[in-house]
Amino acid sequence: MVITKREMRLLSFKRIDNRSGEVKYIYHGNDGTSMPWNDTAQLNMMKKEVREAVIQKIFDVARKFSIIRFDAAMTLTKKHFQRLWFPQPGTGGDIPSRTDHSMTRKEFDELFPEEFWREVVDRFNKEMPETLLLAEAFWLMEGYFVRSLGMHRVYNSAFMHMMMKEENEKYRDLITNTLEFEPEILKRYVNFMSNPDEETATKQFGTDDKYFGVLTLMITLPGLPMFAHGQIEGYTEKYGMEYKRAYYNEEPNGWLIERHEREIFRLMRKRYVFSEVENFWIFDVYNDHGNINENVFAFTNSAHGEKALVLFNNKFEDVYGTIHQSAPKLVNRNGDKKLESKQIHETLDIKADQHYYYIYQDYINNLEYIRSGQDIVYNGWRVELGAFKHNVLMNFREVYDETGEYRKLIEQIGNSGVPNIQRKLEEIKLEPIHSAMKNIFVEDIIKRFAENNILLLNEEGKRSLAVDEFGKLIDEIKSYIDLDIKSTEHRLKLERELNNLRLVNRKLKNTLSPKKNVKYVGFKESFKLSDLSNYHENSIFYLLFVVLKQMREMFGKEGEINRKNYLNKLLLDIPVHQILQHLGRGEHEIFSEITLLNILLECDSDLFEVSDLKTELSTTDENKEIKEYLKKRKLNDFSKTINDEYVKTYLGVNQHNGVWFYSKENFEDLIDWCASIELVKLDEKHLLDEELLTQMKNIFILNKYLKDASTKSGYRLEVLEKMIGGGEKGGKLNPRIKNKV
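Under our numbering, the letters of the sequence shown match residues 1 to 741, in that order.
Just so you know, the hints here were simulated from the structure itself, not pulled from any lab data.
You may find that some hints are simply not true.
[What the hints assert, rightly or not] PhoX-like mimics (lysine-lysine), calculated; alpha carbons at most 25 angstroms apart, straight line:
{"id": "1", "residue 1": "K47", "residue 2": "K79"}
{"id": "2", "residue 1": "K664", "residue 2": "K712"}
{"id": "3", "residue 1": "K507", "residue 2": "K519"}
{"id": "4", "residue 1": "K478", "residue 2": "K569"}
{"id": "5", "residue 1": "K707", "residue 2": "K664"}
{"id": "6", "residue 1": "K429", "residue 2": "K549"}
{"id": "7", "residue 1": "K722", "residue 2": "K564"}
{"id": "8", "residue 1": "K64", "residue 2": "K78"}
{"id": "9", "residue 1": "K424", "residue 2": "K564"}
{"id": "10", "residue 1": "K524", "residue 2": "K478"}
{"id": "11", "residue 1": "K478", "residue 2": "K389"}
{"id": "12", "residue 1": "K424", "residue 2": "K307"}
{"id": "13", "residue 1": "K165", "residue 2": "K238"}
{"id": "14", "residue 1": "K424", "residue 2": "K438"}
{"id": "15", "residue 1": "K712", "residue 2": "K722"}
{"id": "16", "residue 1": "K516", "residue 2": "K493"}
{"id": "17", "residue 1": "K524", "residue 2": "K557"}
{"id": "18", "residue 1": "K493", "residue 2": "K472"}
{"id": "19", "residue 1": "K429", "residue 2": "K486"}
{"id": "20", "residue 1": "K519", "residue 2": "K472"}
{"id": "21", "residue 1": "K627", "residue 2": "K712"}
{"id": "22", "residue 1": "K557", "residue 2": "K631"}
{"id": "23", "residue 1": "K557", "residue 2": "K507"}
{"id": "24", "residue 1": "K106", "residue 2": "K126"}
[Unchecked claim] Quick list of the computed label-pair ranges, beta carbon to beta carbon:
{"id": "25", "residue 1": "D17", "residue 2": "E261", "range": "53 to 59 angstroms"}
{"id": "26", "residue 1": "R266", "residue 2": "M128", "range": "57 to 63 angstroms"}
{"id": "27", "residue 1": "E317", "residue 2": "S97", "range": "47 to 53 angstroms"}
{"id": "28", "residue 1": "T511", "residue 2": "N534", "range": "37 to 43 angstroms"}
{"id": "29", "residue 1": "Y243", "residue 2": "G652", "range": "34 to 40 angstroms"}
{"id": "30", "residue 1": "N534", "residue 2": "M268", "range": "48 to 54 angstroms"}
{"id": "31", "residue 1": "L532", "residue 2": "E317", "range": "58 to 64 angstroms"}
{"id": "32", "residue 1": "K64", "residue 2": "N332", "range": "35 to 41 angstroms"}
{"id": "33", "residue 1": "N366", "residue 2": "I428", "range": "17 to 23 angstroms"}
{"id": "34", "residue 1": "N366", "residue 2": "R552", "range": "28 to 34 angstroms"}
{"id": "35", "residue 1": "E182", "residue 2": "E114", "range": "41 to 47 angstroms"}
The model shown is predicted, which means the values in this text are computed figures rather than measured ones.
Backbone N, C-alpha and C fix where the C-beta goes; we use that ideal spot for every residue, glycine too.
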């Protein structure tokens with residue numbers, strides 16, 4: 001063969017010994033598939049002393065590092081080393097000029113008798129067993145490296161290529177064939193989606209469901225998952241040692257990182273469930289026509305009593321099918337190796353008894369599901385997956401259905417997932433209570449309530465329909481809990497509060513009207529349940545408040561259900577959420593209004609309790625009398641209110657440049673509601689008419705002053721508290737905001 005000077009420059013580099021003038025040409029490393037690696041010099045592994053020198057260098061590195069990666073390790077196997085550098089006569093050779101050094105197989109074996117990597121592995125296993133040897137091997141040699149050469153780990157490029165090309169049948173065959181031959185081999189594969197020689201994971205798999213499906217497969221198969229540089233950040237620029245710097249000005253993809261954190265990182269903490277092969281079983285998914293769908297990967301694994309079922313559809317099509325029996329696997333039973341297969345219910349320890357049900361969690365979407373053990377045993381595991389969708393089902397637990405409640409639950413939710421199965425069971429039990437509560441808030445009752453108590457359209461003395469429905473709610477609670485209460489007493493309390501509301505509106509109309517006195521301007525607007533308010537929606541909110549408050553009074557301070565926990569124990573957030581949702585509220589608005597309900601129910605401040613005032617507060621002399629009253633009598637109540645954790649959440653307290661600000665609108669809304677509720681409570685004290693009017697006026701005066709002070713403070717929390725404290729430092733503010741809702 002004639003080789004040109006240009007080809008020689010590409011294949012080798014020229015070495016000149018300056019002392020002797022000797023000139024040599026030393027080959028670059030080469031795998032025969034592309035350009036030579038011009039940063040390497042090819043060693044002659046035919047020489048025993050060279051092989052030993054390389055092994056000693058590996059030992060030297062191992063003394064400094066516990067993991068060693070061998071790049072392009074397949075080029076040093078006997079088969080490929082001969083093909084590249086000492087080709088058999090007549091084969092042509094893959095490196096130009098090497099045909100001049102052809103060698104028969106017999107001649108080659110005499111000089112290179114044992115596989116180099118076999119010798120390396122054996123010596124390391126004996127002398128430095130704590131070292132992990134990792135080989136990069138292509139050309140379908142991955143299995144040979146772990147099976148015949150004993151390499152601890154080997155890069156599994158087949159995973160990346162076949163997943164990317166959606167050669168699903170081929171990769172399933174690779175797994176099933178390995179299971180039949182030697183399952184332990186699966187543990188030695190290093191699965192990856194990109195490396196420096198390939199396009200980035202983002203370019204090959206995108207950033208959506210296919211990417212996360214393949215990634216989930218990568219970290220739940222036995223073996224070692226490997227992330228590429230920049231993969232989590234979503235970088236698209238190919239990287240490698242030949243690049244001195246990045247050429248793309250890329251920023252990390254925040255959305256992609258967040259999805260990794262939500263779905264992948266927490267799953268990786270469960271790697272111990274997936275890393276071994278003893279309990280690994282892979283299944284065929286049969287479609288509804290009885291044919292195997294090769295595009296679905298379905299397998300189970302378990303460790304330390306934790307079981308998992310992984311499903312992934314690596315195709316742009318929907319899948320419907322059933323899992324029954326696993327592929328055969330070679331197992332060792334007391335030294336006797338034989339092929340075994342298992343049913344899906346056996347791998348998950350599922351019983352066929354009709355009373356056994358199984359609850360499990362989809363670890364990706366955090367929803368819980370329930371299935372009948374009998375259904376799984378006799379009908380298999382039903383699979384429904386959209387295009388490129390995946391499930392990781394874990395946290396299996398067995399329940400015995402003595403009462404039939406789990407059967408009823410399945411009848412209600414079917415195959416749908418719920419955030420918490422146990423809570424869903426409680427919801428079903430509490431449905432009569434929730435339904436009775438929602439019946440108080442139907443349109444006709446709300447309309448009648450507003451007409452009677454706000455608009456004053458109907459005659460007095462007519463009992464509200466809300467009171468009748470509240471009585472039914474009490475009966476449902478009594479049937480659910482063994483509660484010794486008198487329904488009539490609580491109904492009368494509710495009726496009295498509603499009558500008080502009518503009283504306030506009558507006073508606002510007849511006595512505290514601006515027509516009577518210009519000082520009363522704004523009184524009606526401040527009252528959240530007047531005819532100048534958004535009275536339809538405010539009526540619903542107020543009814544929610546008084547109903548929840550009266551329900552609380554039914555319970556004692558102790559007991560399984562008490563005044564502190566009745567909201568949670570009766571899951572009352574469900575009907576409250578649905579009632580507010582019926583108003584057309586969005587989730588943010590519902591969250592805000594539920595927070596306000598918590599404040600009005602739980603905050604024990606007496607900010608607007610003014611029974612100690614016997615005369616009307618003066619608004620002259622720059623409100624001096626009001627300021628003195630607040631400073632002496634209400635500073636603690638104001639600080640208690642403003643530092644309540646619910647209040648801070650509702651006010652949207654936030655820091656900017658070291659200053660704590662709050663929402664103007666929410667502050668005024670809160671003050672108006674606190675004042676309005678105190679107004680409705682007044683008649684409970686059986687005040688004389690003049691005393692009642694005086695207290696009503698003072699509540700409105702304080703309300704207006706607090707809102708004016710808020711405006712003057714610039715909606716700065718600490719400034720407002722100092723103003724209420726008469727210019728002195730107010731109560732110590734706690735800037736931490738904790739959401740307890």
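Next on the checklist: Would the hint linking K429 and K549 be met if the CA-CA limit is 25 angstroms?
Outcome noted: Holds, at roughly 22 angstroms.
Item to check | 25 angstroms limit on alpha-carbon distance, applied to hinted pair K429 and K486 | outcome: 23 angstroms, holds
Next on the checklist: Taking 47 to 53 angstroms as the stated bounds, is the beta-carbon spacing between E317 and S97 within them?
Outcome noted: With a Cβ separation near 52 angstroms, E317 and S97 satisfy 47 to 53 angstroms, so the hint holds.
Item to check | Verdict for R266, M128 (Cβ pair) under range 57 to 63 angstroms | outcome: Violated, at about 35 angstroms.
Next on the checklist: The hint says 17 to 23 angstroms between N366 and I428; measuring C-beta to C-beta, is that right?
Outcome noted: Because 21 angstroms falls inside the window, the suggested range holds.
Checklist entry - Holds or violated: are the alpha carbons of K47 and K79 at most 25 angstroms from each other? => result Answer holds: K47 to K79 is near 16 angstroms, not above 25 angstroms.
Item to check | 34 to 40 angstroms as the expected CB spacing between G652 and Y243, which holds or is violated | outcome: Between Y243 and G652, where Cβ atoms are some 47 angstroms apart, the hint is violated.
Checklist entry - For the pair supplied as a hint, K557 and K631, is the alpha-carbon distance within the 25 angstroms limit? => result 33 angstroms, violated
Checklist entry - When you check the alpha-carbon spacing of K516 and K493, does it fall within 25 angstroms? => result With Cα atoms ~32 angstroms apart, K516 and K493 exceed 25 angstroms; violated.
Checklist entry - Under the criterion that the straight-line Cα-Cα distance not exceed 25 angstroms, is the pair K165, K238 satisfied? => result 19 angstroms, holds
Item to check | Given pair status - K472, K519, alpha carbons within 25 angstroms | outcome: Not satisfied, since the Cα-Cα distance of roughly 44 angstroms exceeds 25 angstroms.
Checklist entry - Within 25 angstroms, alpha carbon to alpha carbon, are K664 and K712? => result 11 angstroms, holds
Figure legend: structure checked against the earlier numbered hints; hints not met, in rising order: 7, 8, 10, 11, 16, 17, 20, 22, 23, 24, 26, 28, 29, 35.
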